[in-house]
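Trainee: Each chain, written out:
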Amino acid sequence: MSGPAALAPATRTPGAVRANRVVLAVLGLLLLAGGVLVLLLGLGVLGAARADLAVLPPGAAVPGWTWPVVGAAGVLVAALSAWWLVVQSRTDRLARLRLEDADGGRTVLEGAALTRALEEQVEAVPGVARASAHLSGTSAAPRLHLRVRLTGRADPAQVHRTVTGEVLAQARAALEVDRLPTRVELDLPRGTGRTLA
Amino acid sequence: MRGVDRVLALVLGLVGLGGGVLLAAEVVQGLLGRTGHLVVPYEGVARWLREHAWSSAPVVAAGAGVAVAGLLLLVAEVVPRRRTLLVVASDDADVVTAVARSGVGRTLEQAVAGVPGVDGTRSRVGRRTVRLTVRTALHDPADLERQVHERASAALAGLGLVAAPELDVDLQRVTA
Chain Z
1 MSGPAALAPA TRTPGAVRAN RVVLAVLGLL LLAGGVLVLL LGLGVLGAAR
51 ADLAVLPPGA AVPGWTWPVV GAAGVLVAAL SAWWLVVQSR TDRLARLRLE
101 DADGGRTVLE GAALTRALEE QVEAVPGVAR ASAHLSGTSA APRLHLRVRL
151 TGRADPAQVH RTVTGEVLAQ ARAALEVDRL PTRVELDLPR GTGRTLA
Chain G
1 MRGVDRVLAL VLGLVGLGGG VLLAAEVVQG LLGRTGHLVV PYEGVARWLR
51 EHAWSSAPVV AAGAGVAVAG LLLLVAEVVP RRRTLLVVAS DDADVVTAVA
101 RSGVGRTLEQ AVAGVPGVDG TRSRVGRRTV RLTVRTALHD PADLERQVHE
151 RASAALAGLG LVAAPELDVD LQRVTA
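Listed in order, the protein sequences are those of chains Z and G. Under full-length UniProt numbering, the first residue of the first sequence is numbered 1, with each subsequent residue one higher. Under full-length UniProt numbering, the first residue of the second sequence is numbered 1, with each subsequent residue one higher.
The hints are simulated quantities; they were obtained by calculation from the structure and are not laboratory data. Every value quoted in this text rests on a predicted model; they were computed, and no experiment measured them. In this text, a Cβ means the ideal position worked out from N, Cα and C, and glycines have one as well. Some clues are possibly wrong.
What the hints assert, rightly or not - If you want a taste of the chain Z side facing chain G, the calculated C-beta under 7 angstroms gives, among others:
(1) P14
(2) L39
(3) V125
Unchecked claim - Here are a few chain G residues that face chain Z, going by a calculated C-beta distance under 7 angstroms:
(4) G13
(5) L23
(6) V59
(7) A163
Model the full structure from these sequences, guided by the hints.
Mentor: Put into structure tokens, the structure is as follows:
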């Protein structure tokens, strides 16, 4: 097996995670640039005369285009903020799968129905306390995400073999696909042993 | 960090949406020739900015504060996130299985909790090493250390990690 030895936890909102990192990094950069500019002005690096000027010079003439530009900037900020808020609710969840029938027809399968059945199958495996599943990707190339909470009373390796063997084989059959890229997160229980004080 | 990012996104998104709309509304109010503010009482802020020079202490302090906040935010977002899951080896190339580091630690603690002489356990799992601290009141814990190491090693091997961290058992003697 090749691939990384460590991973970041999976997320159902990968778009929001990416957007948040980019937007917050840009905001951080803008804040840093603004703060440094104020410091340079205040400490007289950009000229001692400028440092003694008021931040908002009284009676300074403002070009006629300034306020419409400020207003447009306000609208732009509001629009970008609205987009940012909307992105937070977008998940990669595949709600419906369209399966091609042998006679050329189509069957629509509810993703939630399939994942619920999968969860029940996984929870029936000895040593599994709870399971949650969701599908992402497309109908032609779905991806499965499984989170399995163990009871701690079974060998995790055995549970892993059963889940990735029998259960995934049934999932592939249900989805009528040869390959089903799957990510499984095993959640091992809190120790039943005595912890250090 | 994702949770913190999510909270920041919701708060700043709402502030940006409200602030942007209010800013545009105030500009329209001004362009229509109406004096005074619509919602935001910005006259006080404008007066303060007229009364303070760039070199005044409050302005410099505010600039320093903004720069530090920006730097912290930038560093927090640019630095790669910690990979908290360790990958379990799988025969199926289409399956990637991972287990949380804390879970690995719990498994090792459970594996040694039943060893006679073990009074308490604690674990710290990194990508390369796992440190298992075991507390005991035994006077001669040499055999205990061997047993703990064997059981923890077996439990670690049983997880079948792609790159299992090196096990380091630390025995701490306490008075009974």
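Trainee: Decide, hint by hint, whether the structure agrees.
Mentor: Hint check results:
With 7 angstroms as the threshold, the beta carbon of Z:P14 stays out of range of chain G, its nearest partner Cβ sitting at about 10 angstroms, so the hint is violated. For Z:L39, the interface hint holds, since its Cβ comes within 7 angstroms of a Cβ in chain G; the closest pair sits about 5 angstroms apart. Given the 7 angstroms rule on beta carbons, the hint for Z:V125 is violated: about 14 angstroms separates it from the nearest Cβ of chain G. The closest approach between the C-beta of G:G13 and any C-beta of chain Z is roughly 4 angstroms, which is under the 7 angstroms cut-off, so the hint is satisfied.
Interface hint status for G:L23: upheld, as the beta-carbon distance to the closest one in chain Z is roughly 3 angstroms, under 7 angstroms. The interface hint given for G:V59 holds, since its Cβ lies 6 angstroms from the closest Cβ of chain Z, which is under the 7 angstroms cut-off. Because the smallest distance between the Cβ of G:A163 and any Cβ of chain Z comes to about 4 angstroms, under 7 angstroms, the interface hint for this residue holds.
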